[in-house]
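Protein chains: 2
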Amino acid sequence: MNAIDQLISKIKEKNNPTVIGLDPKYDQLPNCIKEKYEKTPEGVAKAILEFNQTLVDNICDIIPAAKVQIAFYEMLGLPGMQAFYETCKYAKQKGMIVMADAKRGDIGSTAEGYSSAFIGKTKIEDSLYGNDNIDFVTVNPYLGIDGVKPFIEDCKKYHKGIFILVKTSNPSSGELQDLKLENGRTIYETVGNLVENWGAELVGENGYSSVAAVVGATYPEQLNQLRTQMPHTFFLIPGYGAQGGKAEDIALGFDQNGLGGIINASRSLMCAYKSDRWKEQFSDQEFGKATRAEAIRMRDELTGAIQK
Amino acid sequence: MNAIDQLISKIKEKNNPTVIGLDPKYDQLPNCIKEKYEKTPEGVAKAILEFNQTLVDNICDIIPAAKVQIAFYEMLGLPGMQAFYETCKYAKQKGMIVMADAKRGDIGSTAEGYSSAFIGKTKIEDSLYGNDNIDFVTVNPYLGIDGVKPFIEDCKKYHKGIFILVKTSNPSSGELQDLKLENGRTIYETVGNLVENWGAELVGENGYSSVAAVVGATYPEQLNQLRTQMPHTFFLIPGYGAQGGKAEDIALGFDQNGLGGIINASRSLMCAYKSDRWKEQFSDQEFGKATRAEAIRMRDELTGAIQK
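Taken in order, these protein sequences are the chains called A and B. Counting from 7, one number per residue, gives the positions in the first sequence under this note's numbering. Counting from 7, one number per residue, gives the positions in the second sequence under this note's numbering.
These are calculated hints, taken from the structure and not from any lab test. You may find that some hints are simply not true.
Any copy, or any two copies together, can satisfy a pair, since identical chains are not distinguished.
[Claimed, not checked] List time: in silico DSSO-like cross-link candidates among lysine-lysine, alpha-carbon distance up to 27 angstroms: (1) K285 / K98; (2) K163 / K31; (3) K52 / K129; (4) K45 / K95; (5) K52 / K95; (6) K155 / K186; (7) K314 / K16; (8) K186 / K100; (9) K285 / K155.
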């Protein structure tokens, strides 16, 4: 089954178009975890892994996918990278679809290397080595098709998927992405068209391609417009919760069947234990339960808004 | 001293505006290295490190800087990442300026993580941890200033530098970068202007900023145009040699003092031992000497063209 169909199947099974962002920073960890480890990159990497594993244990039956933001692991050096691989492995073992949020992009020969690192294979003599715990990786389109093609080839070969940045959720995303071209279209619309075309060969049985797109929840008009413009492109939608995106905005990224997107939440799920909503009900030690409670609340809020 | 002044000072010292790309793939290694290690990611990572160290030993007195392309290390997993860090460390110890070619870019809070990983510091309680062996990192501008600012802050704090993608060297770079906006300017010109502005506060004593740009040698007209348009922006110029850029083209990226850029060569230097030019003169075992011979030839060719 192609990657996007696997993801859609999991979303249907859990009736929940949510992906949990596993992007913890040291300061976000509860004291009950922090105090068990040394205050060094090695110790923090271990603390983060335990934190992630506890979260996964508490939500893997209700959330279909985990997105692991590699920046927060790279910043801890080698021990951090080990925690990244272990986190992907653990989420995969628990039945989740795993997305590496790496936003890689480079010239063709280098993009081949990146693709091998995440969704493809590295050939050494007659053996192939790869990371079987990652299903999707995010990709930056600034270099054009050369930089994307190696990823698409690996999507075909290994039944994997990619999310290409189209319209990002950050405040300055418009600085480049919203500029208008001579033909009256914006850069993000233009990239959107490219992505829709690049993905044509990988459209699966649900009508969506494994070559998918990142479109932020923080710009609901554009999200709605791109949903119409890119009928075969599945959306990874960041920006819900801490970044300000609301459920009714996000519903605009979905089709009439309530499909077509998955919504990322990182801080609002990871740090539920210290949120105004849950901190009275759950202690620090119960951080996993707080995340579970928030995951259920979020699921119900989102499915309510999408199915309206 | 700010990072770009350190780089320019090294370039002047060696009279050589070259950066060696240390981006080896397994297939490019000479047999005398390959046969010493196991045919596994661990073995290949060690082989690559030995290869890099030998190259560095052979050129560190004539080439001022090394650019380490992280994709080729990530594709070997954790052992590969270890070889990446060790390669940076070795080149730095040998007095070279070290550039991590990572092309990272993300929303603000994530870009902070990436910046900490390469040129900044990671704070754990009251301690700061960082990679002191990296001077520059490459950055992707697609997310706008939010995604670049954390890197610029670290440039200020820690005397480091960044190269932001403006016009890349690959065949499809124009697919997005050459599109014309309503105002008649291309996307790459627009990014060029942004980079020139973003770097204003970090201009050093040579008139160039530590916020620098990547501009490919394979598009000489654009290189020339950007040199005029971006008078305070130093250029990292890939595309020489294997990718097709010629010395006389590259000269267009330099100012009237013969400054303003550094030219990357990866394959043509790394694989000199099996090039038509040097394979008769040097055996496989002498791969380091072949790279040195090619480095001297390249230096003389480039300085000849630039100083014309």
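Going through the hints against the structure:
1. Proximity of K285 and K98 under a CA criterion of 27 angstroms is satisfied in neither setting, with 29 angstroms inside one chain copy and 48 angstroms between copies.
2. Within a single copy, K163 and K31 get their C-alpha atoms only as close as 35 angstroms, which misses the 27 angstroms cut-off; across copies the closest is 21 angstroms, which meets it.
3. Proximity of K52 and K129 under a CA criterion of 27 angstroms is satisfied inter-copy only: 16 angstroms between copies versus 30 angstroms inside one chain copy.
4. In this assembly of identical chains, the alpha carbons of K45 and K95 lie at most 27 angstroms apart whether taken from the same copy (25 angstroms) or from different copies (24 angstroms).
5. Taking the shortest alpha-carbon separations for K52 and K95, both the intra-copy value of 15 angstroms and the inter-copy value of 25 angstroms come in at or below 27 angstroms.
6. Taking the shortest Cα distances, K155 and K186 sit within 27 angstroms of each other both inside one copy (26 angstroms) and across copies (24 angstroms).
7. Taking the shortest alpha-carbon separations for K314 and K16, only the intra-copy value of 21 angstroms comes in at or below 27 angstroms, while the best inter-copy value is 64 angstroms.
8. For the homomeric pair K186 and K100, neither the shortest alpha-carbon distance inside one copy (45 angstroms) nor that between copies (48 angstroms) is at most 27 angstroms.
9. In this assembly of identical chains, the alpha carbons of K285 and K155 never lie at most 27 angstroms apart, being 46 angstroms within a copy and 33 angstroms across copies at closest.
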